[in-house]
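S.K.: Residue numbers (our numbering), protein chains in the order written: chain S, 29 to 320; chain W, 29 to 278.
If you're looking for bench data, these hints aren't it; they were derived computationally from the structure.
Heads up, some of the hints might be wrong.
Said to hold, decoys possible - Which bits of chain W does chain S cover? Going by a derived footprint, with three or more residues having C-beta under 8 Å, they are: (1) 83-92; (2) 125-135; (3) 179-189.
Note that beta-carbon positions come from the ideal geometry of N, C-alpha and C, so glycine has one too.
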Amino acid sequence: MSTEKKLANKKRRNQNIAFGLFTGISYSVVGLLFVILAFIVVKGIGVISWEFISAMPKEGMTAGGIFPAIVGTLCLVLVSMVFAFPVGVFAAIYMNEYVKDGWVKKIIKQMTNNLAGVPSIVFGLFGMSLFVNKLGFGDSILAGGLTLGLLVLPVVIRTTEESLKAVENTFRQASLGLGASKWQTTRNVVFPIAFPNIITGLILSIGRVSGETAPILFTVAAYFLPKLPTSIFDQAMALPYHLYVISTSGTNIEASRAMAYGTALVLIVIVLISNLLANKLRKHFGKKVKMN
Amino acid sequence: MHKIVSQNVNFYYGEFQALHDISLSVKENTVTALIGPSGCGKSTYLRLLNRMNDLIDNTHMSGTITIDGNDIYDKHTNVDDLRKNVGMVFQKPNPFPKTIFENVAYGLRVNGITDKKIIEERVITSIEQVALWEEVKDKLHKSAFELSGGQQQRLCIARALAIQPSVLLMDEPTSALDPISTSKVEELIYELKKQYTIVIVTHNMQQAGRISDNTAFFYMGELIEYDKTKTIFTKPTKKQTEDYITGRFG
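Whole structure, please, built from the sequences with the hints as guidance.
M.R.: Here it is in structure tokens:
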């Protein structure tokens with residue numbers, strides 16, 4: 029009797045220890061995130077003003093605003109998505125709906141995974157040699173946007189593929205069973221059901237694109253530009269690169285420290301907003317899919 | 029007049045042979061029940077009739093199956109046309125995440141019918157055919173997910189009927205339904221056989237007895253016995269059939 033009781037006690041104690049450990053670890057991860065956020069906010073909030081986000085940098089980037097960097101980043105996001113979204117979605121549809129299981133699919137999958145593992149600086153170099161030099165786009169939003177697009181392509185492919193995979197097979201069978209072709213089934217049944225999740229993946233990759241520095245280093249980013257870009261063949265400033273510049277190689281690093289934190293804050297807010305937007309869109313489209 | 033004729037059909041999932049030399053003919057405007065324990069091949073056989081097994085990688089078949097005299101596995105056969113003629117109802121009700129109306133209209137739209145009047149007419153007729161009209165007429169443009177399981181299944185049958193097939197395949201259509209919905213669907217099947225040739229897979233022996241004209245008993249991928257339902261249930265010739273229908277195994 030008493031040994032049984034001891035065993036039960038021991039079991040409960042072990043369970044409590046394990047549970048406590050996991051709880052502690054997950055809370056510290058959340059805590060750490062808050063500390064980082066709080067740090068940036070505290071250090072950066074002081075410089076945030078309407079002027080900061082709407083004016084040109086002044087006095088060797090120690091004063092004024094970061095408007096051109098915000099515009100540049102938005103342009104880069106736009107170009108990269110215009111490229112990566114359709115290409116990634118179609119590739120994923122091909123892989124999930126059309127290719128039969130076998131070595132072709134395995135190879136494509138492996139390649140996509142490998143592509144996702146390539147360091148971003150390598151994408152930068154590749155973008156420079158292909159888009160900037162070979163294709164003659166020069167240092168431009170087009171070259172930088174395409175390079176960023178290549179970088180997130182595996183992310184878009186993978187999230188789209190997961191979303192398609194989550195669509196129950198019974199819907200495909202029902203549609204095909206009515207004499208619909210594979211393409212009609214994909215377009216009218218599978219894709220609409222998967223769409224909310226695909227959109228989420230897209231917006232998460234926007235967050236990724238807006239924060240990348242290495243791929244734009246040799247393809248688009250300007251140290252300082254006195255004017256806004258007027259076409260996709262212009263160079264542009266970008267938030268992450270601007271942050272890098274004013275914290276490492278500005279004319280007066282100490283004087284621009286606050287500007288750097290302000291820039292970081294703006295960048296984080298952009299990423300945060302896109303994540304919130306992702307959630308909202310997913311809910312919105314999720315509802316719509318059910319109602320249609 | 030035989031509507032469906034299968035001769036020496038073998039079917040393989042990779043190396044595994046799921047069907048052995050099945051020869052079976054189905055008369056027009058009859059209900060044929062396929063019974064047998066799980067894994068006996070009855071669903072596999074059913075899915076050969078509209079080439080649903082084509083969707084599974086790494087499978088192959090031999091032998092011939094004809095519907096209205098046309099070899100459905102001939103390389104000139106258009107699979108989409110075949111499936112238009114051979115409707116299917118699945119085990120779990122699976123309406124699309126669309127409105128009730130659009131669920132039934134879907135088959136018409138993908139088959140190139142664009143005339144609004146024809147679509148509306150066919151949708152209404154099909155919903156009436158499955159005795160669902162009174163229940164849904166005020167919410168045709170609401171999501172099909174708002175219906176109960178039994179209503180959803182009847183909607184799926186209406187969806188299959190809308191494109192005017194001549195054969196209807198049903199893969200355990202009532203196994204996910206409550207008894208009242210089940211009896212509604214059974215009554216419906218009885219009505220439908222006037223116009224359609226129905227092949228139904230069922231686990232429920234009483235159901236096979238109630239609704240089918242002929243019954244085929246499958247066991248371990250072989251067709252053990254195929255006869256009038258009455259004969260199968262009262263004086264089966266094979267011991268395995270008798271053991272199964274009397275509940276000694278399965």
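S.K.: Does the segment 125-135 of chain W contain three or more residues whose Cβ lies closer than 8 Å to a Cβ of chain S?
M.R.: With 6 residues in contact (Cβ-Cβ under 8 Å with chain S), the coverage given for the segment 125-135 of chain W holds.
S.K.: Verify the coverage statement for the segment 179-189 of chain W against chain S, using a C-beta to C-beta distance below 8 Å and requiring 3 or more qualifying residues.
M.R.: holds (count 3)
S.K.: How does the segment 83-92 of chain W fare against chain S when you require at least three residues with a CB closer than 8 Å, holds or violated?
M.R.: holds (count 3)
Of the numbered hints listed earlier, not one is contradicted by the structure.
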